[in-house]
Amino acid sequence: MSDGKSTQDAAVTNSLPAELGAVAAPGAPLVERRQRPRPKISTTPPAPPPPPRLADYAPIIGQPELDDLCFLAQQLRGKTVKMVNSTAMGGGVAEMLNHLVPLMNELEVATKWEVITGGDDFFEVTKGFHNALHGGEYAITQAVKDIFLMYTEQNRQRMEFSEDVLVMHDPQPAALIRSKQPDRGRWVWRCHIDLSHPNPEVWGFLRPFVDQYDAAVFSSPAFSRQLAIPQYLFYPCIDPLSEKNKDLEESAVQKVCDDFGIDRSRPMVTQISRFDRLKDPVGVIRAYKLARKYVDCQLVLAGGGATDDPEGAAVLQEVMEEADDDPDIIILNLPPWSAIEINALQRASTLIVQKSLKEGFGLTVTEGLWKGKPVIAGAVGGIPTQVIHKLTGVLVHSVEGCAYQIRYLLTHRDYAAQLGRHGREHVKENFLMTTNVKRWLLLFQVLLGTTKPHPPEAG
Amino acid sequence: MATTEMSVVAHRQARAPFHFNSAAHLIRIGREKASNLSELLSALKVCPDESIFQHTFQTLREHHFIREGFSNDFAHWAFAACNEVGLAERLAGIDIREFMSIAALRQRLVDIVESYLQQNPRGRDRAAFEPFYFSASEVIVIPTPFVARDLAEFAEGVRHVSLTSIHFHFIDARLRLRLNSNDFSLWLEHELDLGRLAERINRIDIYTSTLDDVRRAILRFVQTALVR
Chain W
1 MSDGKSTQDA AVTNSLPAEL GAVAAPGAPL VERRQRPRPK ISTTPPAPPP PPRLADYAPI
61 IGQPELDDLC FLAQQLRGKT VKMVNSTAMG GGVAEMLNHL VPLMNELEVA TKWEVITGGD
121 DFFEVTKGFH NALHGGEYAI TQAVKDIFLM YTEQNRQRME FSEDVLVMHD PQPAALIRSK
181 QPDRGRWVWR CHIDLSHPNP EVWGFLRPFV DQYDAAVFSS PAFSRQLAIP QYLFYPCIDP
241 LSEKNKDLEE SAVQKVCDDF GIDRSRPMVT QISRFDRLKD PVGVIRAYKL ARKYVDCQLV
301 LAGGGATDDP EGAAVLQEVM EEADDDPDII ILNLPPWSAI EINALQRAST LIVQKSLKEG
361 FGLTVTEGLW KGKPVIAGAV GGIPTQVIHK LTGVLVHSVE GCAYQIRYLL THRDYAAQLG
421 RHGREHVKEN FLMTTNVKRW LLLFQVLLGT TKPHPPEAG
Chain Y
460 MATTEMSVVA HRQARAPFHF NSAAHLIRIG REKASNLSEL LSALKVCPDE SIFQHTFQTL
520 REHHFIREGF SNDFAHWAFA ACNEVGLAER LAGIDIREFM SIAALRQRLV DIVESYLQQN
580 PRGRDRAAFE PFYFSASEVI VIPTPFVARD LAEFAEGVRH VSLTSIHFHF IDARLRLRLN
640 SNDFSLWLEH ELDLGRLAER INRIDIYTST LDDVRRAILR FVQTALVR
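Read top to bottom, the protein sequences are chains W and Y. Numbering follows our numbering, in which position 328 of the first sequence is assigned residue number 328; successive positions increment by one, without gaps. Residues are numbered in our numbering as their position in the second sequence, beginning at 1, plus a constant of 459.
This is chain Y alone, in the form it adopts within the complex:
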């Protein structure tokens, strides 16, 4: 099955083209601010969805060049400003790929902080070294000139678009699709019938890779498919 799939792949035309988009982000300063963990918990419950998005999905793009030790802003603050290593580890363990909605992600964050404070009540009101300021991302989608009608054009697009575009299609997409997948994998599977390739790409680990690594890995997998 796999061999057959790969041997004809180079010439296969997609049923619908893939339009590469990018995104630009304007950061709005939020009303919520936390000076200790108790305040963080309260703010997590009421802040806008765009704030949860900014401090989890969006911060990964802003720090895309770091391979280790950076997962989301809440984990970083718990570690660097509150010196709560146990909480930081649990927050950093959140994998945003598992969440198809902001509501579910917010609930996970709340659950982790709540449970940590139940076990560590002294951490509740201890002043952080610096406050956590909630902000929110306003996203504007930007089209790019790259359109793929087959796998070769797809590789060309992935090679040339900005890292913001890679983030938009590979990471942000999960919230839009409400699927445990991404725009690239969905298109490869549905429009080119390349299920295995789609799956390989979907398994790239964004937490141990930079976005440049993600780009390289996608290209490597596509190249392998093209030359077979």
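Chain W on its own, in the form it takes in the complex:
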């Protein structure tokens, strides 16, 4: 790839016939079948970029928004915060903390990040809890509870809890609340997972810990539970300055498209997601095939998860079969360090699709909206919060609906552009890292009593 990274020929691509031919669909525009170059995919991760500074966000969100952050932070000077989760690398929570914690410290709100430790048995238990809280089956035996509580005790002995605010992320460190002192420290449980239909036994075990917190934070009202403690809404967010979302030079976008054999003179419809049945990549291909009867376009399906996950590999095989050697379907099984490539693919796209059948919040939708692209997405999980039908994108419920919207948006470019503009504004207002920093500052102020909320009707 670019930047001197080594590359190899396609990890996955359609095997293409060398000869020229015509796309077979009756009534479809005649498109020459040609030899597509094999994608070049990087094999080595690039060096991580330095974290952004607060001032770097000014051109994006405006100086007044930064001034607001500074004002809110000023009232928290001298206060200390600790964030605790279960992993320093990998996963959305660690990625978010990697950006959030430096910004908090730059704002002079002293914020530490600590990671709990545990053996394989602990993480097996917490993975089981995670799946069970999503509604999966799980046998929570006394042995399971003992393992969870034993490692909790070890971490309690090892760690200190002297900060003014302590934020525990997800269920793994939830029982550290046992270290809460009656007269010091405000404790927040930040739940990143969907708790709408938890396994009752596992939730029954965890809930008494959660009830001891001062507040809980969820990513969507639909993911929350009825609790006695106040619950707040923090949408997941993207960092506009991360590798996946920062502005790219046109030449960088072109380079990635060249490497992947994408013809930028023709419309490009893209779904970025793991090869997972819940993302319905096969349904996307079917929608593309229906749309192609009327409009010319290429389809890019790019994501990961097919190399280290047996189910991912099986889904990729199903996708390849459905693609049936169509040279205009480009399937890319990308390594985890492909942020720039994904960024470039999204920017090069005419339309972004996320036809999920089940979804958490759907940050790939956020990424597409942020790039000002018209987004077609399944009306599931957190997607309708982001895609307000016909205002910031379009929601679909079927292959046929998806196909229709591809046709419509490819032939009504002004409307599509307006959706893209609104989508970007929606993200700017609600789903950026800086908005999340503001939410944390507000929550800390409310919990610590450094300010009182202003009733709407108060003069």
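Don't read these hints as lab results, they were simulated from the structure. Keep in mind the model is a prediction, meaning the values are calculated, not measured. Do not rely on the hints blindly, as some may be mistaken.
[To be verified] List time: in silico BS3-like cross-link candidates among lysine-lysine, alpha-carbon distance up to 27 angstroms: (1) Y:492 / W:358; (2) W:180 / W:82; (3) Y:504 / W:452; (4) Y:492 / W:390.
Place chain Y on chain W using the hints.
Below, chain Y alone, put in the same frame as chain W:
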């Protein structure tokens, strides 16, 4: 009268300065939830005032970039999740500028839903495509460095403050003032004796404009006053 008013306006000092503020909002997840219109009606009657505020006044700020088709969360849900176009239209027709209290706004919402369900009883228990979750906004007022002592400084402030500040003074203000006006118009009229300008600004349509449009319109009216 108008010509005299405008000719001296550029140098006129306000009797009291205008302090531009902004606001930050923390959203609390509410206890109420509606899976059909009957439940919406019940929840509208008992939810906290902050929830009515969040789903009407506050949502306009969150979706300030949309000119058409977005009025308040209740109307949007009736349309998108319940497919009740008639109800959605009536709810979307609510103009929050007409309400000087949350109680009055709540009553209007209740009246509309109640009357719709009387005429359309089959809609009462039909399951919505997705539930409506009530939330509530906790507002914290944030001062900005901008202070206006005359019309030129006022324009400078309007030009530079955040859209949240514009929303705070132009839309939220109605509830605080309990007047059919806004902070900008009130200051222009009372502290600078610019009644006509105040009135023009107060008539800017927030439902067919984005907040950026509102900012531009205010600046246009002020500029016109300054150059005369």
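For each hint given before, does the structure comply? Return the numbers of the non-compliant ones in rising order. As far as the earlier hints go, not one is violated by this structure.
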